[in-house]
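Colleague: Top to bottom, those sequences are chains A and B. The first sequence lines up with residues -5 to 99 when you count with the working numbering. The second sequence lines up with residues -5 to 99 when you count with the working numbering.
The hints are simulated quantities; they were obtained by calculation from the structure and are not laboratory data. Accuracy of the hints is not assured; some may be wrong.
Since copy identity is lost for identical chains, a pair holds within one copy or between any two.
Below are the EDC-like pairs computed for lysine to aspartate or glutamate, each with C-alpha atoms no more than 16 Å apart in a straight line [said to hold, decoys possible]:
#1 K90 / E46
#2 K61 / D77
#3 K19 / E37
#4 K61 / D20
#5 K90 / D47
The model shown is predicted, which means the values in this text are computed figures rather than measured ones.
There are 2 protein chains.
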Amino acid sequence: MLKTPAAPVDVANTTASVYRADHQKDVVNRLRRIEGQVRGLVEMIQSGRPCEDVALQMSAARKAMDKAFYRMMACSVIEAVYDAGNEAQAIAEVEKSARLLERFG
Amino acid sequence: MLKTPAAPVDVANTTASVYRADHQKDVVNRLRRIEGQVRGLVEMIQSGRPCEDVALQMSAARKAMDKAFYRMMACSVIEAVYDAGNEAQAIAEVEKSARLLERFG
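Produce the entire structure from the sequences given, and follow the hints as far as they go.
Modeller: Following this line, the structure appears as structure tokens:
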């Protein structure tokens, strides 16, 4: 997925920024849904719903949070590679992302 | 933590319901903080904060969600034991909670 030298710079930048905007929106939408799920959990607990129902919904929210995290990391790696001026810089960026995944994944 | 036969029933019930109310409030407070963290994540992404900052905050929210889940499960086990009429019922309730932990933990 490295920027090919033949591609016109403007087109590449447009692609990268469209990609960024789309995926930022995707991660934000995921987080907004999670926010709603967490609010729903409070209502479930307060209305005395059985533990199993709450556990199921909590598990869904945790999985959604994990997915949002990995989605964000994937976008960030792709962006870093898009933005890299050369291959060495791209490799350094991917290394950095791998360290973040190791630390927070 | 089984209810001792010597304890007056009313006192035991009061203890259980106070315990329940306190811990329900604790889990609800944890969830409200998580809701705020998730909202904060949206703002961080929208204001273009670096990936590392977002990853750190996302990791904090995921850990807080895990803690809320285990806290809720611990409360639920203790409540089930409090509420059990006899030892067999208490054991059955603990078994049920262990299965929930296996499934969603």
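Colleague: Give a verdict on every hint.
Modeller: Hints and how they fare:
Taking the shortest Cα distances, K90 and E46 sit within 16 Å of each other only across copies (9 Å), while inside one copy they are farther apart (40 Å). Proximity of K61 to D77 under the C-alpha cut-off of 16 Å is found in neither arrangement, the shortest distances being 24 Å within a copy and 37 Å between copies. Taking the shortest Cα distances, K19 and E37 sit within 16 Å of each other only across copies (12 Å), while inside one copy they are farther apart (27 Å). Within a single copy, K61 and D20 get their C-alpha atoms as close as 11 Å, which meets the 16 Å cut-off; across copies the closest is 27 Å, which misses it.
In this assembly of identical chains, K90 and D47 lie within 16 Å of each other by CA distance solely across copies; the values are 13 Å between and 39 Å within a copy.
The earlier numbered hint that this structure contradicts is number 2, and it is the only one.
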